[in-house]
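Engineer: Now for the letters of each chain:
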Amino acid sequence: MGGLLALCIVIGILVSSVGSVRIPVITVWQIMLSHLPFSGISGDWSSTTDMIVIGIRLPRIMLAGLTGAALGVAGAAYQGLFRNPLADPYLIGVAQGAALGAVAGFLLPWSFLGSYFIPVMAFAGALLAVSVVYLIARVGKTVPVTTLILAGVAIGAFLMSLTSYLTLISTSEIHGIMSWLIGRFSMSNWEQVALVAPYICVGMVVIFLFARPLNVMQLDEEQAQQLGINVERTKLILLAASTLITAAAVCFVGTIGFVGIIVPHAVRLVWGPDHRSLLPLSALAGAGLLILADTASRSIMPPTEIPVGVITAFLGAPFFLVLLRRKKKAVF
Amino acid sequence: MKKRLSGVFLILILLSLLLSSACQSGSPQANTVTDDFGRQVSIAKSPERIISLAPSNTELVYALGLEDRLIGVTTYCNYPPQVEDKPRVADFSRVDIEKIVSLQPDLVLAGNIHKDEIIPALEKVNVTVLGIDPERLDKILATLKMLGSFTDSAAEADTLIASLTTRIKAVTDKTEKLSTFERPRVFFLTWHDPLWTVGRDTLVFDLIEKAGGENIASDLSGHAQIDLESVIQRNPQVILVLTSMGSQSTSFEFIKSEPRFQATDALKSGRIFQVDTDIFGRTTPRAVDGLEEMTRMIHPEIFK
Chain V
0 MGGLLALCIV
10 IGILVSSVGS
20 VRIPVITVWQ
30 IMLSHLPFSG
40 ISGDWSSTTD
50 MIVIGIRLPR
60 IMLAGLTGAA
70 LGVAGAAYQG
80 LFRNPLADPY
90 LIGVAQGAAL
100 GAVAGFLLPW
110 SFLGSYFIPV
120 MAFAGALLAV
130 SVVYLIARVG
140 KTVPVTTLIL
150 AGVAIGAFLM
160 SLTSYLTLIS
170 TSEIHGIMSW
180 LIGRFSMSNW
190 EQVALVAPYI
200 CVGMVVIFLF
210 ARPLNVMQLD
220 EEQAQQLGIN
230 VERTKLILLA
240 ASTLITAAAV
250 CFVGTIGFVG
260 IIVPHAVRLV
270 WGPDHRSLLP
280 LSALAGAGLL
290 ILADTASRSI
300 MPPTEIPVGV
310 ITAFLGAPFF
320 LVLLRRKKKA
330 VF
Chain A
0 MKKRLSGVFL
10 ILILLSLLLS
20 SACQSGSPQA
30 NTVTDDFGRQ
40 VSIAKSPERI
50 ISLAPSNTEL
60 VYALGLEDRL
70 IGVTTYCNYP
80 PQVEDKPRVA
90 DFSRVDIEKI
100 VSLQPDLVLA
110 GNIHKDEIIP
120 ALEKVNVTVL
130 GIDPERLDKI
140 LATLKMLGSF
150 TDSAAEADTL
160 IASLTTRIKA
170 VTDKTEKLST
180 FERPRVFFLT
190 WHDPLWTVGR
200 DTLVFDLIEK
210 AGGENIASDL
220 SGHAQIDLES
230 VIQRNPQVIL
240 VLTSMGSQST
250 SFEFIKSEPR
260 FQATDALKSG
270 RIFQVDTDIF
280 GRTTPRAVDG
290 LEEMTRMIHP
300 EIFK
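Chains V and A, in that order, give the protein sequences.
Just so we're aligned, residue 0 is where the first sequence starts under numbering that gives the first Met the number 0, counting upward by one.
Just so we're aligned, residue 0 is where the second sequence starts under numbering that gives the first Met the number 0, counting upward by one.
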């Protein structure tokens, strides 16, 4: 785990010297070091170069890392909670709720509310959608996972139909809407990092604390109950925490696919299914994957960008298939 | 052998006679043009009932003075103001084929987005369709000429083209001899998150060049996303933001308040302007208005 954490940090530092503008690796490092207190490093780089590294690339890398970590953990938690290999963070309406909120935000003529209007709408839409799904799925005092999935799929389809219609009738906003739906880190800044980091970090810690109950629940909910685990409470807390970190992850950058479903499986294939390691490793692998994907997105065809959502699947799927082939026994 | 040959000749002569007489009786002065999609389109007589499927096509029809023949437009047609009274038969991308057929048009002016589905569908019900998609400044003039000759208004078209050419020349006379250093770097923004701009092979590219500017996205073509760090590095001196006039100017406000844009020459000197999407996003004679407006923004010192 320490190795993967170190790898993530190294990736983060290395990719900061890659981008559509060519800046020498040495200069990038000098710039980063010069911003550390008492480093005493200064140089003759321009303020533009400084801003590209510190003001554009670093927040982008940080946000990609946070988003990847959140989606990786939420995916692992959902797959464990639902005991279903097809579960991903978007299974019970987070993405569809966020998407409808965001698209409504794009089309409502309330831009005077500022640049946080769309992310706030997306965040609220995500939480609202999952709350509705949860309330609908409740049977007496319990929430059966099958009912939860079915309610989630139905609500998701309902919301998606509205989103598709709104997208279709949009005109000048269409670039913005499509980019949000595929996901992008193009305009990431430190404010966004600062706003989503607390949600994602706290949510992930909460999920990590429930690793052992998740392990026990893999047997059977009834058995877990007999072994002293408050199944319904665990379910509610895990759903709430996963929803929160996913909503925080997608509200600025959009609904990036693939990471949340594939990362936990890849981690399981390599390091095994124990949630005590699976959850934190999924965070690190998710962060690493999304940082790499975004680097590819912004540097393969300068000065244009390839949407990061396209890259995650394009690079991630073959990698995952190799893992799948190497492991000849059943997965999950 | 001889007999057989002469038989073949006889048949050939008979056939050609038949064909020529058919042509004459069918269309005494059939008018054929090549439309903007390279299709050969013929019409027997000057069209009297015209439907436009794009706001830019509607403007072309008015520019040629053919508005009395216009019997259907789109919900987005807003120029000239008199177009308000025309029946609506389509919106941005969806086209009401039933309604079109019921109006019995003899000419439909379609656009780029109708190429694959709508044009074949209309042809199947025997409606004459012209594809209109000028996409460059000089092509607008060529399209006017083509449309003029197809609608028996070649004289009107020629007059209009002559006046537009004179106005374009009045601008380029002043701008074409500018050296690279005298050409401000222009960033044309069509959306702010992510940044979308307009590169080569577009009307906007022509206009920036003719207005004496240098498009910072000249290594891109068509509508394209551009990376923030590239824009900051290329340091635009003028930023033009495509805005739908009369509605919210989200992109304009965003760029004006985005901290990382404050370091660009354009924002330092306050040279960020909104430009009307109806003028710069459509290919119509009003593109020349756009050219003059853009030149005033890029070169206020030489073009007033």
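These are computed hints drawn from the structure, not numbers from a lab.
Any given hint could turn out to be false.
Pairs of lysine to aspartate or glutamate residues, derived as DMTMM-like cross-links and limited to a Cα-Cα distance of at most 25 Å, are as follows [unchecked claim]:
#, chain 1, residue 1, chain 2, residue 2
1, A, K267, V, D49
2, A, K173, A, E292
3, A, K255, V, E220
4, A, K138, A, E175
Computed footprint of chain V on chain A; a stretch qualifies when at least three of its residues, placed anywhere within it, have a C-beta under 8 Å from a C-beta of chain V [unchecked claim]:
#, stretch
5, 102-112
6, 213-221
7, 252-263
Treat the numbers as computed from the prediction; the structure is a model and nothing was measured.
Backbone N, C-alpha and C define an ideal beta-carbon position, used for all residues, glycine too.
Engineer: Quick one: see if chain V covers the stretch 252-263 of chain A, three-plus residues with Cβ-Cβ under 8 Å.
Structural biologist: With 7 residues in contact (Cβ-Cβ under 8 Å with chain V), the coverage given for the stretch 252-263 of chain A holds.
Engineer: Does the structure keep A/K255 and V/E220 at a Cα separation of 25 Å or less?
Structural biologist: violated (55 Å)
Engineer: Examine the stretch 102-112 of chain A for residues whose CB is less than 8 Å from any CB of chain V, and state whether their number is three or more.
Structural biologist: Violated: only 0 residues of the stretch 102-112 of chain A have a Cβ under 8 Å from chain V.
Engineer: Are the Cα positions of A/K138 and A/E175 separated by 25 Å at most?
Structural biologist: This hinted pair holds, its Cα atoms lying about 20 Å apart.
Engineer: Is the Cα-Cα distance between A/K173 and A/E292 25 Å or less?
Structural biologist: holds (14 Å)
Engineer: With the threshold set at 25 Å, check whether the alpha-carbon distance from A/K267 to V/D49 stays at or below it.
Structural biologist: This hinted pair holds, its Cα atoms lying about 18 Å apart.
Engineer: Within the stretch 213-221 of chain A, is the number of residues with a Cβ closer than 8 Å to a Cβ of chain V three or more?
Structural biologist: Satisfied; 3 residues make the cut.
Violated hints, listed in ascending order, are 3 and 5; each of the other numbered hints is respected by the structure.
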